[in-house]
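Participant: Chains as they are written, first to last, in full-length UniProt numbering: chain A, 1 to 225; chain B, 1 to 225.
Don't take every hint at face value.
In the DSSO-like style, the derived pairs of lysine-lysine whose C-alpha atoms are separated by at most 27 angstroms in a straight line are [unchecked claim]:
| hint | chain 1 | residue 1 | chain 2 | residue 2 |
| --- | --- | --- | --- | --- |
| 1 | B | K105 | A | K216 |
| 2 | A | K193 | A | K30 |
| 3 | B | K190 | A | K54 |
| 4 | B | K184 | B | K217 |
| 5 | A | K55 | A | K217 |
| 6 | A | K42 | B | K207 |
| 7 | B | K217 | B | K190 |
| 8 | A | K105 | B | K30 |
| 9 | B | K30 | A | K143 |
| 10 | A | K105 | B | K55 |
| 11 | A | K134 | B | K184 |
| 12 | A | K64 | B | K143 |
| 13 | B | K207 | A | K64 |
| 14 | A | K172 | A | K207 |
| 15 | B | K216 | A | K105 |
| 16 | B | K64 | B | K134 |
| 17 | A | K55 | A | K134 |
| 18 | B | K30 | B | K42 |
| 19 | A | K105 | B | K3 |
| 20 | B | K143 | A | K134 |
| 21 | A | K184 | A | K200 |
| 22 | A | K217 | A | K193 |
| 23 | B | K184 | A | K105 |
| 24 | B | K143 | B | K207 |
| 25 | B | K55 | A | K64 |
| 26 | B | K42 | A | K105 |
| 27 | B | K134 | A | K54 |
| 28 | A | K143 | A | K207 |
| 29 | B | K3 | B | K105 |
| 30 | A | K184 | A | K217 |
| 31 | B | K105 | A | K42 |
| 32 | A | K55 | B | K216 |
| 33 | B | K55 | B | K184 |
| 34 | B | K54 | B | K30 |
| 35 | A | K55 | B | K30 |
| 36 | A | K134 | B | K134 |
| 37 | A | K55 | A | K27 |
| 38 | B | K54 | A | K143 |
| 39 | A | K54 | B | K54 |
| 40 | A | K134 | B | K190 |
In case anyone wonders, no lab produced these hints; they're calculated from the structure.
There are 2 protein chains.
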Amino acid sequence: MSKGEVLLLDSWVSPFCMRVKIALNEKGVKYEHREEDLFGGKSEVLLISNPIHKKVPVLLHNGKPLSKYVIIVGYIDETWASPPLLPSCAYGRAKARFWADFIDKTLYDAGTRIWRTDGEAREAATRDFIEILKQLEEALGDKNYFGGDGDAFGFVDIIAIGVASWFHAYEKFGGFEVADHRPKLSGWLKRCKQRESVRKVLPDPEKVYEFLVILKKMQGPGPGT
Amino acid sequence: MSKGEVLLLDSWVSPFCMRVKIALNEKGVKYEHREEDLFGGKSEVLLISNPIHKKVPVLLHNGKPLSKYVIIVGYIDETWASPPLLPSCAYGRAKARFWADFIDKTLYDAGTRIWRTDGEAREAATRDFIEILKQLEEALGDKNYFGGDGDAFGFVDIIAIGVASWFHAYEKFGGFEVADHRPKLSGWLKRCKQRESVRKVLPDPEKVYEFLVILKKMQGPGPGT
Numbered sequence: 001m002s003k004g005e006v007l008l009l010d011s012w013v014s015p016f017c018m019r020v021k022i023a024l025n026e027k028g029v030k031y032e033h034r035e036e037d038l039f040g041g042k043s044e045v046l047l048i049s050n051p052i053h054k055k056v057p058v059l060l061h062n063g064k065p066l067s068k069y070v071i072i073v074g075y076i077d078e079t080w081a082s083p084p085l086l087p088s089c090a091y092g093r094a095k096a097r098f099w100a101d102f103i104d105k106t107l108y109d110a111g112t113r114i115w116r117t118d119g120e121a122r123e124a125a126t127r128d129f130i131e132i133l134k135q136l137e138e139a140l141g142d143k144n145y146f147g148g149d150g151d152a153f154g155f156v157d158i159i160a161i162g163v164a165s166w167f168h169a170y171e172k173f174g175g176f177e178v179a180d181h182r183p184k185l186s187g188w189l190k191r192c193k194q195r196e197s198v199r200k201v202l203p204d205p206e207k208v209y210e211f212l213v214i215l216k217k218m219q220g221p222g223p224g225t
Numbered sequence: 001m002s003k004g005e006v007l008l009l010d011s012w013v014s015p016f017c018m019r020v021k022i023a024l025n026e027k028g029v030k031y032e033h034r035e036e037d038l039f040g041g042k043s044e045v046l047l048i049s050n051p052i053h054k055k056v057p058v059l060l061h062n063g064k065p066l067s068k069y070v071i072i073v074g075y076i077d078e079t080w081a082s083p084p085l086l087p088s089c090a091y092g093r094a095k096a097r098f099w100a101d102f103i104d105k106t107l108y109d110a111g112t113r114i115w116r117t118d119g120e121a122r123e124a125a126t127r128d129f130i131e132i133l134k135q136l137e138e139a140l141g142d143k144n145y146f147g148g149d150g151d152a153f154g155f156v157d158i159i160a161i162g163v164a165s166w167f168h169a170y171e172k173f174g175g176f177e178v179a180d181h182r183p184k185l186s187g188w189l190k191r192c193k194q195r196e197s198v199r200k201v202l203p204d205p206e207k208v209y210e211f212l213v214i215l216k217k218m219q220g221p222g223p224g225t
């Protein structure tokens with residue numbers, strides 16, 4: 001399914017980059033990815049390709065740069081048609097985009113508060129996080145995947161896996177287990193991890209935790225701590 | 001161009017609602033809009049239609065609810081094909097979505113800091129705002145509109161007008177004139193205001209200012225003040 005050269009400016013630990021890689025894998029697109037040293041100095045190609053935000057992921061398709069993961073994943077879905085990641089009807093697409101936005105705004109934010117804060121702020125963040133997962137479980141219902149069309153793996157799953165790759169770290173910081181509170185969502189995550197497109201991309205959860213421990217030390221106490 | 005019943009849960013002063021109304025007007029879609037009393041209590045239909053965020057705009061198309069303005073405008077573009085608001089090629093669409101996101105994240109945020117803060121914080125916000133407008137002017141280049149395809153009025157224009165409807169208020173709070181700093185952007189805004197789709201929607205700028213004066217009193221000092 002070649003449509004020219006695909007290069008991803010990447011970071012192994014970034015949920016946003018994981019989403020792009022899973023989308024490319026699902027489509028069977030061959031791509032090169034180049035790890036950016038986000039602390040030691042960003043590459044010139046990153047600074048030129050994304051001059052406004054200077055952040056990964058950046059996808060270069062035949063040299064043309066794209067940034068912002070949600071835009072990149074949409075572009076991948078439109079450029080490589082099969083299998084579709086977004087539903088085929090406009091209303092289904094709108095709903096999928098709604099849940100992607102919800103996951104990104106609320107779940108990721110609550111997760112960040114879990115690892116960045118301590119004490120009461122962290123306890124509050126953990127409660128928020130589990131409550132948000134409840135809303136997601138309700139959206140999942142009895143389906144295998146958020147979809148895509150019907151029960152198929154799709155756009156919302158890809159967005160959710162990005163955050164879920166950090167669940168283990170959230171659990172260790174917050175002292176809880178997602179599976180104890182949200183067994184359905186835990187089942188969904190296990191199913192996702194069995195897909196080759198996902199398995200190839202997700203990093204060792206323990207390494208994510210160690211990365212966040214270091215990042216927390218570098219950044220100092222988080223908001224509300 | 002009827003495809004059934006279209007009802008917008010609306011607020012006259014909301015830039016997000018304006019975007020939806022301009023998109024509907026551009027497409028020639030007949031719609032009803034119902035003003036929500038955002039301070040005095042939200043309607044039951046709003047709470048039922050958007051249970052997670054409880055915010056306008058909500059578009060009900062044949063009774064099916066959609067929320068989040070950027071998703072709604074995308075849905076409108078996919079559902080009523082002509083004239084297209086987003087470019088016809090995937091890369092063009094990705095670029096348009098990038099600028100829409102940029103406008104929403106940076107310009108609106110800087111604008112909010114102008115009216116919500118005072119003193120040095122407001123001066124800093126005003127400088128940021130004018131700097132962001134510079135980046136937007138560069139994106140506009142010598143075109144009449146951000147587009148859309150080529151030089152046509154489109155998605156990015158609609159997103160930008162939403163914020164621009166508050167420019168007069170920002171100017172009064174911040175003690176500056178957009179036209180003095182960014183004449184090209186000022187010209188773009190004049191062109192947009194000549195379109196019927198826009199003129200019908202934009203509120204009296206002085207009323208927006210008065211609304212923000214009241215809102216500021218209600219909310220107290222803003223962040224960084």
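Participant: Give a verdict on every hint.
Facilitator: Hint by hint, here is what the structure shows:
1. B:K105 x A:K216: holds, 25 angstroms
2. A:K193 x A:K30: Given pair A:K193, A:K30 holds - Cα atoms ~20 angstroms apart, limit 27 angstroms.
3. B:K190 x A:K54: violated, 32 angstroms
4. B:K184 x B:K217: Answer violated: B:K184 to B:K217 is near 34 angstroms, above 27 angstroms.
5. A:K55 x A:K217: Roughly 21 angstroms between the alpha carbons, so the hint for A:K55 and A:K217 holds.
6. A:K42 x B:K207: This hinted pair is violated, its Cα atoms lying about 46 angstroms apart.
7. B:K217 x B:K190: Given pair B:K217, B:K190 is violated - Cα atoms ~31 angstroms apart, limit 27 angstroms.
8. A:K105 x B:K30: violated, 33 angstroms
9. B:K30 x A:K143: violated, 37 angstroms
10. A:K105 x B:K55: Holds, at roughly 15 angstroms.
11. A:K134 x B:K184: Outside the cut-off at roughly 49 angstroms; violated.
12. A:K64 x B:K143: Between A:K64 and B:K143 the Cα gap is close to 21 angstroms, so the pair holds against 27 angstroms.
13. B:K207 x A:K64: Given that 27 angstroms is the threshold and the Cα spacing comes to 44 angstroms, the pair is violated.
14. A:K172 x A:K207: Since the Cα atoms of A:K172 and A:K207 sit roughly 12 angstroms apart, the hinted pair holds (cutoff 27 angstroms).
15. B:K216 x A:K105: holds, 25 angstroms
16. B:K64 x B:K134: Violated, because 40 angstroms separates the two Cα atoms, which is more than 27 angstroms.
17. A:K55 x A:K134: The given pair, whose Cα atoms are some 31 angstroms apart, is violated under the 27 angstroms limit.
18. B:K30 x B:K42: holds, 24 angstroms
19. A:K105 x B:K3: Measuring from Cα to Cα gives roughly 32 angstroms; hence the hint is violated.
20. B:K143 x A:K134: violated, 47 angstroms
21. A:K184 x A:K200: holds, 23 angstroms
22. A:K217 x A:K193: Measuring from Cα to Cα gives roughly 30 angstroms; hence the hint is violated.
23. B:K184 x A:K105: violated, 34 angstroms
24. B:K143 x B:K207: Cα-Cα ~31 angstroms, so violated.
25. B:K55 x A:K64: Between B:K55 and A:K64 the Cα gap is close to 37 angstroms, so the pair fails against 27 angstroms, i.e. violated.
26. B:K42 x A:K105: holds, 23 angstroms
27. B:K134 x A:K54: Status holds; Cα separation ~18 angstroms.
28. A:K143 x A:K207: violated, 31 angstroms
29. B:K3 x B:K105: violated, 33 angstroms
30. A:K184 x A:K217: Judged against 27 angstroms, a Cα distance of about 34 angstroms means the pair is violated.
31. B:K105 x A:K42: The given pair, whose Cα atoms are some 23 angstroms apart, holds under the 27 angstroms limit.
32. A:K55 x B:K216: violated, 34 angstroms
33. B:K55 x B:K184: violated, 34 angstroms
34. B:K54 x B:K30: holds, 25 angstroms
35. A:K55 x B:K30: Judged against 27 angstroms, a Cα distance of about 42 angstroms means the pair is violated.
36. A:K134 x B:K134: Since the Cα atoms of A:K134 and B:K134 sit roughly 43 angstroms apart, the hinted pair is violated (cutoff 27 angstroms).
37. A:K55 x A:K27: holds, 24 angstroms
38. B:K54 x A:K143: holds, 26 angstroms
39. A:K54 x B:K54: violated, 34 angstroms
40. A:K134 x B:K190: Not OK: A:K134 and B:K190 at ~47 angstroms, beyond 27 angstroms, violated.
Checked against the numbered hints given earlier, this structure breaks hints 3, 4, 6, 7, 8, 9, 11, 13, 16, 17, 19, 20, 22, 23, 24, 25, 28, 29, 30, 32, 33, 35, 36, 39 and 40; the rest are met.
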